[in-house]
Amino acid sequence: MKQVLIIDDAATVRMYHRQILEEAGFGVDEAINGIEAIEKILSKKYELLVVDVNMPKMNGYAFLQEIRSKAEVYQAPAIMVSTEAEERDRQAALQAGANFYLVKPTKPGELSSAARLLTGSAS
Amino acid sequence: MNPLLQQFLSEGRDFIEQIGQKLLILEETPNNEAVVGELFRFVHTLKGNSGLFDLPILTRVVHAAEDLLDRVRDHELTVTSELTDDLLSAMDFVVQLLDEIEDGGTIPDTYLPDATKLVDRLRSLLPERDVHEDEEGAEETMPAPTDWSWLSRLTEEQRVQALAQTPADQAIWALFYLPEPQCFFKGEDPLLLLKHVPGLAGFSIRAAQPWSPLDELDIYTANLAIDALSMADRAELDEHLRYVPEQIAVYQLPRFALAVPTGDASEVPGVYADFFDRARDCLGRSDMDGLRVAVDAMLDMINPTLWMASALRWCLCLQDMGFDTSVLAFHLEATADHKIPDWFLFNRTQSASLNAPDKQAAPIAVEDPKLPAGTLSDMELALWDRIFETQRQFLAIPSASAQWGGRLASVYNTLTGLLRAKGDVQALAALEDAAETSEQEKSFAPLLEFLDGYGPIAVCNDEPLAIVAEETVVPMVVELAAERQIRQDRRAGEGAIESTRRAAEVSADKAVRTLKVPQEKVDRLMDLIGEMVVAKNALPYLAARAEDVFGSRELGREIKSQYAIINRIAEEMQDGIMQVRMLPVDAIFQRFPRLVRDVAKQLGKKVRLVIEGEDTEADKNIIESLGDPMIHILRNSLDHGIEMPEVRAADGKAEEGRLSVRASQEGDRVLIEIEDDGKGIDPAVIKRKAFEKGLIDEQRLDTISDADAVQLVFAAGFSTAETVSNLSGRGVGMDVVRSSLEKVGGQVRLTSEKGKGTKIILSLPLSMSVSNVMMVDIGGQNFGVPIDVVVETVRIKQSDIHIFKQRRTAVLRGRIVPLYSTDELLASHNPPKPNADGEYAVLVARVHGETVGIVVDGFAQTIDVILKPLEGALAGLAGFAGSALLGDGSVLLVLNIKELI
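Protein chains in written order, with the UniProt record's numbering: chain X, 1 to 123; chain R, 1 to 901.
Excised from the complex, chain X in its bound form (with noise of 0.2 Å):
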C-alpha cells in the first residue's frame, strides 16, 4: 500500500483528506506542522505528500523548502492544498518546492485523482 502523509494543523481536515486517500487504497499517516512532518520521513517513506500551508512552529513553505534541501530522502511529490485560489499563490507553492496546487475544499473525486496519478509510479 502507497503511503501518504497528510500535513495540516486543523484535525478536521486531517480527517477529511484521510478519509478519501483512504477510500483510494493509501496508507495514510498525519503530521501537524512541518516540524513532525520533518520527523516522520526521516524514519519513513512517503510517495506523497499533501501539504497545508498555514501551520504553527513550521509552515508548509518552510516545510517543502527543508524537504527539498534534504538530499537524504525520497523526493516525494507534493501537493499543497490552500483555501487561496489566486494565482500568486499556486505560485509560491510551486516555489516553495510543491509539485501540484489544490484549493481547499478539496474536491474528493480531485484529491484522489491527483493522488492516484502523482503516484502512479511503482516503488
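Fair warning: there could be bad hints in the mix.
Calculated cross-link-like contacts (lysine-lysine; reagent style DSS-like; alpha-carbon spacing at most 27 Å) [to be verified]:
#, chain 1, residue 1, chain 2, residue 2
1, X, Lys40, R, Lys759
2, R, Lys521, R, Lys743
3, X, Lys45, R, Lys442
4, R, Lys759, R, Lys743
5, X, Lys45, X, Lys70
6, R, Lys442, R, Lys601
7, R, Lys516, X, Lys57
8, R, Lys339, R, Lys442
9, X, Lys70, R, Lys442
10, R, Lys805, R, Lys759
11, R, Lys606, R, Lys756
12, R, Lys536, R, Lys759
Everything labelled a hint here was simulated from the structure, so no lab data went into it.
For chain X, the structure is supplied; the task is to place chain R on it using the hints.
The following block gives chain R in isolation, referenced to the frame of chain X:
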C-alpha cells in the same frame, strides 16, 4: 453523527476558545504580531474547516471575521476595543451555530437574517479599499436555505409557467424575505414591495415565529416570512430590493427544482408498477417518444387531482423543457417511491459526480504496479494535463541551490507517476535520460526539453497494445527505478541512516500522547467502581455469616483476608479513576477574562483581573459546579465592590481596580479566593439591613460581631444593592451562591474591610464521589448525616431541655442550642424516645454558621458511601442529600440537614 462533523464541532469549539483568548490579549497589546498571526491562523483554519461542510451561514460569518483579521495582519486596521467587541460577538454567534449543528445536524434558516446583519457589520469595519471586491465574493458564497417545502405551496401552474418562461441559460431566483418586526413603523409595506418584485412568479407567506395567543397578539408587529420566486434579471432584482437588502436573501434555484408534484396523495400502492417498468425501460433506451406515450396513457386513466397525476405532468414538462435523462430518471424514481424528488440532493450529487473519480474508468493500479494504467476518464485526463503543465512551471521557477537537487528529484518522481498512470511506459526511459542529463549539467533545461518534446500522445485505449507494452517495458522500468533508488541511497550516505534512527527514537518517545476520551466512558467507569466498592463491602457481612451462621471461623478469616486485598485494589482503582476525572480549574477560569472585560466596560470601570493557580485540579463535577457561583461573585465584585475610576482616584486608590482569583490545593480540598480592592462591606449597613429584613433579632443585632455580620450576606433573602442593576441584582443573592456550593460539599467564607476590599474564600472537596456519613437511628430506621455538618454527639437529660421562645432548647458548653426533633423535621409520628436513663440522643450540627441539635433515637457508626442524588420523582425532595447503597444491599437515605431546618 458523522464523525467528520463531530470532529469539526469539537475542533471548532477549541478554536473559538483560543480566538476569544487571543482577542483579549490583542486588545491589551494591539501590536503583538505573534498573536495577530496566531489569531488569524485560528480563524482561517476554522473557515477552512467549515468549508468542508454545507454550512454557508457559518462559513460566511467566519470569512468576514477572517477578512478583518487579514487587514489587521497587513497593518491596515488596528485592533480597537470596538473591533474586539464585534469579533467576540461574531464568535459568540458561531458558538450558537455550532450548538445548532450539534443538536439538529444543520443550521436553521432563521439564523440567516442575523448572520447577514453580523456580516454586514463586520464588513462595514473593513477599510474602504476592497469593499466592492469583497461584496462580490460574498455574493458567490451566499448561503442557500435547506427547507424548500414552500415551493410546493405555489400552484403547479405558477411553477410550470415560471419554468416555461425561463430560458435554459437564465436563472430563477428564490427570495427569502423576513420583514423586520417593526417595519410597519418605518413606512415599509412588505406586501406592496413583494407584489412589485420584477418577474414575480409566485410567493408564499407564513408566520416567521409561531403565533402568540390571540389576546397577546400585537398586530403592529410583523411576523412574516415570505418566500418568492422571480425570473427577473439579478441587477433588476437588486435594484428593486435596494432599500431592504438586509431583510432579503436571494438564491439561484436550479430550474428543475420547480418540479414538485402536489395533489391528493391517496393512492393504491402497486397499481403503477407496470407503468414504471415501462417508463424505466424507455428511459434506459433513451426512447423519449415511448416515454411520452406511456405517461400520456397513464394520465388519461387517472384522476388529474391526484398527486401521481401531478408528478406525471411534471415528467412531461421536464421532457418538454429538454432536461436530460438523468433529471427525468431522478424524477421518475422519486415518483415511483411516492416521494417528492429532492432536487437539491440531486443537484449536489450531480456536481459531486463531476468531481468524483469514476472507478470503472480509472483502473489505475494502486496495489499492483505491474498493471499498466490504460484508460483515464476525461476528468482524470484533464487533471493529468494540469499536473503535467504544473511541472513545466515548477521547473521555470528559479530556486535556491540547496533545493535544486530535491526539486529535480521531486519533478522526476512526479513525472514518473504521471507517465505510469497514463500507461505510457515507453516515455519513462526518455524521462530517465533527461533527468540524468539535467543532474549532470546542473540545469533543468534537458528536463524541460523532455516536457516540451512530450507530445500529447493518444491514450492507449487499445487493449492488446497495452498488454504488449506491459510485457516488454515494465521490467526495465522497475530495474531503472531500483537503480535510481540505490543511487539515492548511496548519495545519502551514513548520515542519513544515523538521522533516520534518531528520528525513529524521537517518535517512539513521543508515542505516549494525550487520549481524548468521551466523558460518558469515564462516568461509566466511575459508576462501575462505585458499584464495585459497594459489592466489596458485602464481604465482611459474608465473613460474619460464615462464622455465625455456618460456624466456619476459618472460612470467615479467609474471606476477610481476601477482602483486604480486594479492598486495597478497589481503593486504588477508585483513586485512579478519580485522577482521570480531574480537570484544572482553568476550564472555568478561562471564561473570566472575557466576562470581567465585558462587565467592567459596561459599567465604565477599570479593572485588572489577575488569575493565579489556574492549574490546580479538582474533580470535573466540582469544577463544573464552580462556574455559576464564581461568575456571580465576580459580577458582585465588579458591580458593588470596585468603585468608579473617579471615586477611586478621590479615595487615593489607583484608578484601575484589582480583582484577583487564586486557586490552591489544601489537603483534600481546593481553595479559591476571590479578592477585590474595592469599597468593601460596611458591617453596620449589613446589620441594619439584616435586622430590617427580620433575619436577626434585636438581641443578636447588639451582640453580633462585625466578622459574623458580614456573613449575613449569605442569608436567604438578603441583598445589599440599593438599586437592582442588570448585572448582579437578578433577584438572586449570595445565598444562591452558598447553596449551590454546598450541594457539592463546598463552603464559603467572606472577609471584608470597609474601604479596602472584600475577599471571598470558597473551599471545595477535591472529589465528590466518596462521602463520609454518620448513621443515626430514627424511628427504627437508619439515616445518614454527612459528617462535615456534624459537630458532636451528646446525650441530654430530659430535665435539661427547656422551652425558650416556643422552641425546645438546651444549654451546651455555655451556648443556647435550639433542638429539633426528627418527627417534626421528617413529619413522622414517632417522637424520639429517651433511653433508659431518660436521656435523649442529640446530634449537634453546624448549619449556616449556627449550632443546632437534632434529637434522634440513637447513633450508629460512620461509613464511607458513594452518594447518589435522588432521581426521577424523588429528585424534588430537597430534604435528602441523596441515597447510598450499603454493603448488605440495603439503601441508606442521607439527610440534608440544611434544607430540613
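Holds or violated: lysine 536 of chain R and lysine 759 of chain R, Cα atoms, limit 27 Å.
Given that 27 Å is the threshold and the Cα spacing comes to 44 Å, the pair is violated.
Is lysine 45 of chain X within 27 Å of lysine 442 of chain R, Cα to Cα?
holds, 26 Å
Assess, step by step, whether the Cα of lysine 759 of chain R is no farther than 27 Å from the Cα of lysine 743 of chain R, and give holds or violated.
holds, 22 Å
For the pair supplied as a hint, lysine 516 of chain R and lysine 57 of chain X, confirm whether the alpha-carbon distance does not exceed 27 Å.
holds, 23 Å
Check the hint pairing lysine 606 of chain R with lysine 756 of chain R against an upper bound of 27 Å on the C-alpha distance.
Between lysine 606 of chain R and lysine 756 of chain R the Cα gap is close to 17 Å, so the pair holds against 27 Å.
Keeping to a limit of 27 Å between CA atoms, is the pair of lysine 805 of chain R and lysine 759 of chain R held or broken?
violated, 36 Å
Can the restraint linking lysine 442 of chain R and lysine 601 of chain R be considered satisfied, given a maximum Cα separation of 27 Å?
violated, 65 Å
Holds or violated: are the alpha carbons of lysine 45 of chain X and lysine 70 of chain X at most 27 Å from each other?
holds, 13 Å
Against the 27 Å threshold, does the CA-CA distance of lysine 40 of chain X and lysine 759 of chain R hold or violate the hint?
Violated - the C-alpha atoms of lysine 759 of chain R and lysine 40 of chain X are around 52 Å apart, more than 27 Å.
Pair hint lysine 521 of chain R and lysine 743 of chain R, alpha-carbon separation not exceeding 27 Å
holds, 24 Å
Take a quick look at whether lysine 70 of chain X and lysine 442 of chain R sit within 27 Å of each other, Cα to Cα.
holds, 17 Å
Lysine 339 of chain R and lysine 442 of chain R: Cα distance at most 27 Å?
With a Cα-Cα distance of about 66 Å, the restraint between lysine 339 of chain R and lysine 442 of chain R is violated, given a limit of 27 Å.
Comparing the model with each numbered hint stated earlier shows that hints 1, 6, 8, 10 and 12 do not hold.
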